[in-house]
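Residue numbers (our numbering), protein chains in the order written: chain A, 1 to 135; chain B, 136 to 270; chain C, 271 to 405; chain D, 406 to 540; chain E, 541 to 675; chain F, 676 to 810.
Just so you know, nobody snuck in bad clues.
Looking from chain C toward chain F, a few residues come up when the C-beta cut is under 10 Å (computed): (1) 273; (2) 277; (3) 278; (4) 324; (5) 330; (6) 334.
No wet-lab data here; the hints were simulated from the structure. Each residue gets a CB set at the ideal place from its N, CA and C atoms; glycine is no exception.
Protein chains: 6
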Amino acid sequence: MKVKVNRKAHFNAAHRLHNPIWDEAKNLEVFGKCSNPHFHGHNYEIIVSVLGEVDPVTGYVLDMKWLKDIIAEKVEERYDHKNLNLEVEEFKNKNPTAENIVIEIWKILRKEIPLQMDLTITLYETPRNFVEFSG
Amino acid sequence: MKVKVNRKAHFNAAHRLHNPIWDEAKNLEVFGKCSNPHFHGHNYEIIVSVLGEVDPVTGYVLDMKWLKDIIAEKVEERYDHKNLNLEVEEFKNKNPTAENIVIEIWKILRKEIPLQMDLTITLYETPRNFVEFSG
Amino acid sequence: MKVKVNRKAHFNAAHRLHNPIWDEAKNLEVFGKCSNPHFHGHNYEIIVSVLGEVDPVTGYVLDMKWLKDIIAEKVEERYDHKNLNLEVEEFKNKNPTAENIVIEIWKILRKEIPLQMDLTITLYETPRNFVEFSG
Amino acid sequence: MKVKVNRKAHFNAAHRLHNPIWDEAKNLEVFGKCSNPHFHGHNYEIIVSVLGEVDPVTGYVLDMKWLKDIIAEKVEERYDHKNLNLEVEEFKNKNPTAENIVIEIWKILRKEIPLQMDLTITLYETPRNFVEFSG
Amino acid sequence: MKVKVNRKAHFNAAHRLHNPIWDEAKNLEVFGKCSNPHFHGHNYEIIVSVLGEVDPVTGYVLDMKWLKDIIAEKVEERYDHKNLNLEVEEFKNKNPTAENIVIEIWKILRKEIPLQMDLTITLYETPRNFVEFSG
Amino acid sequence: MKVKVNRKAHFNAAHRLHNPIWDEAKNLEVFGKCSNPHFHGHNYEIIVSVLGEVDPVTGYVLDMKWLKDIIAEKVEERYDHKNLNLEVEEFKNKNPTAENIVIEIWKILRKEIPLQMDLTITLYETPRNFVEFSG
Numbered sequence: 001m002k003v004k005v006n007r008k009a010h011f012n013a014a015h016r017l018h019n020p021i022w023d024e025a026k027n028l029e030v031f032g033k034c035s036n037p038h039f040h041g042h043n044y045e046i047i048v049s050v051l052g053e054v055d056p057v058t059g060y061v062l063d064m065k066w067l068k069d070i071i072a073e074k075v076e077e078r079y080d081h082k083n084l085n086l087e088v089e090e091f092k093n094k095n096p097t098a099e100n101i102v103i104e105i106w107k108i109l110r111k112e113i114p115l116q117m118d119l120t121i122t123l124y125e126t127p128r129n130f131v132e133f134s135g
Numbered sequence: 136m137k138v139k140v141n142r143k144a145h146f147n148a149a150h151r152l153h154n155p156i157w158d159e160a161k162n163l164e165v166f167g168k169c170s171n172p173h174f175h176g177h178n179y180e181i182i183v184s185v186l187g188e189v190d191p192v193t194g195y196v197l198d199m200k201w202l203k204d205i206i207a208e209k210v211e212e213r214y215d216h217k218n219l220n221l222e223v224e225e226f227k228n229k230n231p232t233a234e235n236i237v238i239e240i241w242k243i244l245r246k247e248i249p250l251q252m253d254l255t256i257t258l259y260e261t262p263r264n265f266v267e268f269s270g
Numbered sequence: 271m272k273v274k275v276n277r278k279a280h281f282n283a284a285h286r287l288h289n290p291i292w293d294e295a296k297n298l299e300v301f302g303k304c305s306n307p308h309f310h311g312h313n314y315e316i317i318v319s320v321l322g323e324v325d326p327v328t329g330y331v332l333d334m335k336w337l338k339d340i341i342a343e344k345v346e347e348r349y350d351h352k353n354l355n356l357e358v359e360e361f362k363n364k365n366p367t368a369e370n371i372v373i374e375i376w377k378i379l380r381k382e383i384p385l386q387m388d389l390t391i392t393l394y395e396t397p398r399n400f401v402e403f404s405g
Numbered sequence: 406m407k408v409k410v411n412r413k414a415h416f417n418a419a420h421r422l423h424n425p426i427w428d429e430a431k432n433l434e435v436f437g438k439c440s441n442p443h444f445h446g447h448n449y450e451i452i453v454s455v456l457g458e459v460d461p462v463t464g465y466v467l468d469m470k471w472l473k474d475i476i477a478e479k480v481e482e483r484y485d486h487k488n489l490n491l492e493v494e495e496f497k498n499k500n501p502t503a504e505n506i507v508i509e510i511w512k513i514l515r516k517e518i519p520l521q522m523d524l525t526i527t528l529y530e531t532p533r534n535f536v537e538f539s540g
Numbered sequence: 541m542k543v544k545v546n547r548k549a550h551f552n553a554a555h556r557l558h559n560p561i562w563d564e565a566k567n568l569e570v571f572g573k574c575s576n577p578h579f580h581g582h583n584y585e586i587i588v589s590v591l592g593e594v595d596p597v598t599g600y601v602l603d604m605k606w607l608k609d610i611i612a613e614k615v616e617e618r619y620d621h622k623n624l625n626l627e628v629e630e631f632k633n634k635n636p637t638a639e640n641i642v643i644e645i646w647k648i649l650r651k652e653i654p655l656q657m658d659l660t661i662t663l664y665e666t667p668r669n670f671v672e673f674s675g
Numbered sequence: 676m677k678v679k680v681n682r683k684a685h686f687n688a689a690h691r692l693h694n695p696i697w698d699e700a701k702n703l704e705v706f707g708k709c710s711n712p713h714f715h716g717h718n719y720e721i722i723v724s725v726l727g728e729v730d731p732v733t734g735y736v737l738d739m740k741w742l743k744d745i746i747a748e749k750v751e752e753r754y755d756h757k758n759l760n761l762e763v764e765e766f767k768n769k770n771p772t773a774e775n776i777v778i779e780i781w782k783i784l785r786k787e788i789p790l791q792m793d794l795t796i797t798l799y800e801t802p803r804n805f806v807e808f809s810g
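Isolated chain A (complex conformation):
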């Protein structure tokens, strides 16, 4: 009896898209206004999805209060109200595209979620653009 449980969370951050091997003209050509050197930002919304067996004693796959707290501690504290390029270790040498951010969040939470459960992260960069990663 495997059920997928999902929890929404959010953080607000600044970023720019930029590859340091290219000059500004090439970055502008590839990333358009997202390459603005002065940064822009987003209200990122995330959905953390965990697929696992329902525990017959609690009726839970896992305690959603625990999941909420883990997301707050490991993801929100790290990314909320931050400049992803300047202040978040994993993006100092990696372009903070939605694709790369969702992979990093997955790596962070994969260490916290019991190994026998499957993990998917969905990241909304805007209400119209979103990405999903399942490992």
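Based on these hints, arrange chains B, C, D, E and F on the given structure of chain A.
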């Protein structure tokens, strides 16, 4: 040509999380304020998803009006404006967690949906917590 | 330069609609399935709206972090995961309709918001039914 | 490192459900008020989902600006503010049910998306009825 | 103690924007693709808002079940799955812009709502375009 | 016959809250993590609301296509993918709180909207925090 068709519905209900093998102190420890013996409640939203072949004569996987009516008759009539713990047979001896509710709704609708079609139920307990079950 | 600032919050609660001067048959006639003596429940969403002058030093009407904390302390702590009829003082002798709940929340928050500012509360009982009160 | 990227778009169109092998009475029996010969209409919302490898140079699966423009050029230009039955080639002899529309949009975009990537289209006919097709 | 109560409803319809005093070229110039003679359509969402005194016996401004039924009977039955230009009396000689539709819905419901209560209608033509009328 | 017409738009920007008369410690005390000198950001959503007479010839208060284009030209071009503090003239010496941003957008659009019409701007900084200004 398999298409997944989806229909949203909703019901409002009271419940509490509670395992009768434990005393109130242990229930409070495990389920927190969700174990309040006086109950709390939710606007549950459900999405019924059916994957099947498109009928070349109608262009339908199935008639969504029929699906809407089946959900109303089998799920909404049973759960809407009810106390799940006290009034719904399947939760008299089963903890009405979102996980257990989504499994019960799946069992109810699985009997109604043609067998060659796949069925997934998604249940939103709140806009921030939701669960999915596919059998 | 008056700006209206708005903050969303939410709580989950059980209730029933019931007037003790009437017998159950009359309550059922007037309130329908909302009068179920075993209760049902909702995810209530609230919007707290405050109209006031923008402080030229901060650029704030008021600190939204403070407003968020006041709503949590005075409204969410009082109503969240509660049975409104049985556990909330103001509804022991008052029918917890959306209209009466929004008036009570307004009275609670009116004491907290600076007097020169106008206060409106919007309460969503469901995504399809909501009420507003401005004093 | 496969990530699924998703882009939302929308178009407004008129249609009716109708099978020309049947007379109006039979069409009314099968399709109800959706068979109204004078047409009705919808705000269709679509989600285009592409699963592919993240390019290590750009950090993109594909350029979402390019995806947005392709959807506008190939789908919105073709369907927006149109009568699907009368003005869109593929529905002159095919019933424009949500199922058939989502398959046609998938066929149109499948030609544009790199072959090594998987494509899923989700089409909302209303906020309560939606369909998905993955080929 | 005046509270505003609000109820959401919806209907799906086809229409075109068109003034018969102008030729097609002028209609195209003024109304753009909305003047398509073959029609297009929308999922219209409406919010009916009624401001009135709370009845101390029921705790209601008015019975929302009654309001829901009146909207269904007077508005949804009349407009849902219709071609507004061809099938709805009031638009046979009036352009069915969002502005004109919201005024007509207001006129229809004004006759039903008790006179001492204020009525506002909000009409969403799309999630991005909406109009309000209060008489 | 005055109708209020509303149009939604959006822009993504970086900002920080900061008063230069204070040192960083005082800014941190007042603005919390919103004062981060490296900036953070938001998906701002705006609603432009115009109250005016319905033109009996067009059935419009004003042409929503024109309103959409004016918002794009005057607001989105100016604010989208920008650092509000560093790149937008009006915030070089003014703290870009939601309150101050909504006032500036109102001032920009007030010059464009016919004088006999009333203008209100609503600005969502996040889905949970929003502000309104009517002049």
